[in-house]
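**Student:** Turn these sequences into a full structure, and let the hints guide you.
If you want the building blocks of each chain, they are given just below.
Number of protein chains: 4
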Amino acid sequence: MSKLTRFTVSLDDGLLERFDEQIKKAGCPTRSKAIADLIGDALVKQEWKTGEEVAAAIIMVFDHHKRGLSTKLTHVQHNYHHLIISSQHIHLDHDNCLEVVIVRGKPEKVQELAERLKATKGVKYASLSAASTGKVL
Amino acid sequence: MSKLTRFTVSLDDGLLERFDEQIKKAGCPTRSKAIADLIGDALVKQEWKTGEEVAAAIIMVFDHHKRGLSTKLTHVQHNYHHLIISSQHIHLDHDNCLEVVIVRGKPEKVQELAERLKATKGVKYASLSAASTGKVL
Amino acid sequence: MSKLTRFTVSLDDGLLERFDEQIKKAGCPTRSKAIADLIGDALVKQEWKTGEEVAAAIIMVFDHHKRGLSTKLTHVQHNYHHLIISSQHIHLDHDNCLEVVIVRGKPEKVQELAERLKATKGVKYASLSAASTGKVL
Amino acid sequence: MSKLTRFTVSLDDGLLERFDEQIKKAGCPTRSKAIADLIGDALVKQEWKTGEEVAAAIIMVFDHHKRGLSTKLTHVQHNYHHLIISSQHIHLDHDNCLEVVIVRGKPEKVQELAERLKATKGVKYASLSAASTGKVL
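Top line first, the protein sequences correspond to chains A, B, C and D. Just so you know, we're using our numbering here: the first sequence kicks off at 65 and counts up by one. Just so you know, we're using our numbering here: the second sequence kicks off at 65 and counts up by one. Just so you know, we're using our numbering here: the third sequence kicks off at 65 and counts up by one. Just so you know, we're using our numbering here: the fourth sequence kicks off at 65 and counts up by one.
To be clear, the hints were calculated from the coordinates, so they are not data collected in a lab. Don't take each hint at face value.
As the list claims (entries may be wrong) - Distance condition first, Cα-Cα at most 25 Å in a straight line; then the derived DSS-like pairs of lysine-lysine: (1) A:Lys109 - A:Lys185; (2) A:Lys136 - B:Lys67; (3) C:Lys67 - A:Lys97; (4) C:Lys67 - B:Lys185; (5) D:Lys97 - B:Lys113; (6) D:Lys136 - D:Lys170; (7) B:Lys113 - A:Lys67.
What the hints assert, rightly or not - Pair by pair, the computed Cβ-Cβ distance ranges are: (8) B:Glu172 - C:Ile149: 30 to 38 Å; (9) B:His129 - C:Ile149: 21 to 29 Å; (10) A:Asp159 - C:Gly186: 46 to 54 Å; (11) C:Ile149 - D:Ser66: 27 to 35 Å; (12) D:Arg131 - B:His158: 49 to 57 Å; (13) D:Ile154 - C:Asp84: 33 to 41 Å; (14) A:Asp159 - B:Asp84: 26 to 34 Å; (15) D:Lys67 - C:Glu172: 33 to 41 Å; (16) D:Glu116 - B:Ile154: 39 to 47 Å; (17) A:His158 - D:Glu176: 49 to 57 Å; (18) C:Thr94 - A:Glu117: 28 to 36 Å; (19) C:Ser66 - A:Ile149: 47 to 55 Å.
Note that CB positions come from ideal geometry on N, CA and C, so glycine has one too.
**Tutor:** Take a look at the structure:
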């Protein structure tokens, strides 16, 4: 575990006041935590542009009645098996399923897998949620 | 399962040509699938602004060594237990964990839960990935 | 002009180190400026959700040969004339024009105007760039 | 001006129904226009990842009382003068100014200029609004 560093920030007092209000609304315990969150978001964005390895969740909605769809999705996932940590399947209703695939790898490969899954006929919705392996955080 | 409707679209030929190139690159099987994807994304965005019920994944990175953190995260999740379908925990390395919480409910409540989890001391990163219960798709 | 307030932040040392690298790359002069920027972005996002008055630019690309298009765009803009501060027109090439409309008003009205302009036949692209009247900054 | 191409799309009837509702709400005149808009947005996103030349607006908020700020902003803009088509200045109130700089060039250079302007001490807010030279549209 890493140590804490203390440093001083000079901020326009009006800006700080409004930031404090927002922190309070969001239920954030301290200014330091709120600032660390903003920095973390900025670093993760940067990591997705230039980084070596990221973590992410790909979230999909599809109709499991669609013939051959499960087989196709399994097939695509197998072609990227080295990226996939695990996946989770939720039955939303009689027709719709939600599948969340947790992945780890190079940003461009992760994006490629998300595109391939989205392009699969029968997948109604797919989106990629960027996260981090935690090394930059 | 729903039926297919056929309809005709008139599009600038240059625009169609460039769209066809992009479809090919993304490995999308047909124009109809590619157009359905764009429409689906637009409807899900709309659903998050005005809809009754959405599905989503909240993805978090944290250091499990942080004292009391697991207890706090469990506590927050219990306060929103009616929203949570399931959650999944991945050990990224010696220190970092990735947790993906799959949720379903009113958009503003889902966003509130994501904010509460993000505001918890020790959580290094949290982001909300919008999805859908599939009803608008 | 407002005064500066000084306060101390405690941050994980690894996180601070990586933030300092990013600050340096972006050519940002001080940590305080970089943190003020992150806070400003967060406050402007919030303002667009809940605020009274925002500023924005609506940027459009269209083909000025399209018959009646200029008249239609002028007509839409007149219906929202109380929002519009000014607009600027650039001839990109023989066919394409770029128009940037600077607006100020309630977030939902500004979004409505952007939608109306985008929906006008002949407008090839339109996007809304969120900014602020500066009061929250 | 380019010709129109007509082609047929097969879409899930429920999805089409909900898309028609959204089109109506946004005041869009035809399905073809609504689909062209979605395609245009997707192509412009792609152009910013891989394209040769884009157009954009950089929108900034700053306090013109800040000593030396105008000089600094002019200086930064001069270093990128080959990118800048024009800029527009609005007096928001006694303190705050809004400046919109319209630019054209390689995506990475445009992003670099936006970063440099944002990093300038005294600039309270800056954001980049992606647009297109119209060639992909």
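**Student:** So, for every hint listed, does it hold in this structure?
**Tutor:** Cross-check of the supplied hints:
| no. | hint | in the structure |
| --- | --- | --- |
| 1 | A:Lys109 - A:Lys185 | 30 Å, violated |
| 2 | A:Lys136 - B:Lys67 | 22 Å, holds |
| 3 | C:Lys67 - A:Lys97 | 24 Å, holds |
| 4 | C:Lys67 - B:Lys185 | 30 Å, violated |
| 5 | D:Lys97 - B:Lys113 | 23 Å, holds |
| 6 | D:Lys136 - D:Lys170 | 23 Å, holds |
| 7 | B:Lys113 - A:Lys67 | 41 Å, violated |
| 8 | B:Glu172 - C:Ile149: 30 to 38 Å | 32 Å, holds |
| 9 | B:His129 - C:Ile149: 21 to 29 Å | 53 Å, violated |
| 10 | A:Asp159 - C:Gly186: 46 to 54 Å | 40 Å, violated |
| 11 | C:Ile149 - D:Ser66: 27 to 35 Å | 34 Å, holds |
| 12 | D:Arg131 - B:His158: 49 to 57 Å | 51 Å, holds |
| 13 | D:Ile154 - C:Asp84: 33 to 41 Å | 35 Å, holds |
| 14 | A:Asp159 - B:Asp84: 26 to 34 Å | 31 Å, holds |
| 15 | D:Lys67 - C:Glu172: 33 to 41 Å | 38 Å, holds |
| 16 | D:Glu116 - B:Ile154: 39 to 47 Å | 40 Å, holds |
| 17 | A:His158 - D:Glu176: 49 to 57 Å | 52 Å, holds |
| 18 | C:Thr94 - A:Glu117: 28 to 36 Å | 31 Å, holds |
| 19 | C:Ser66 - A:Ile149: 47 to 55 Å | 48 Å, holds |
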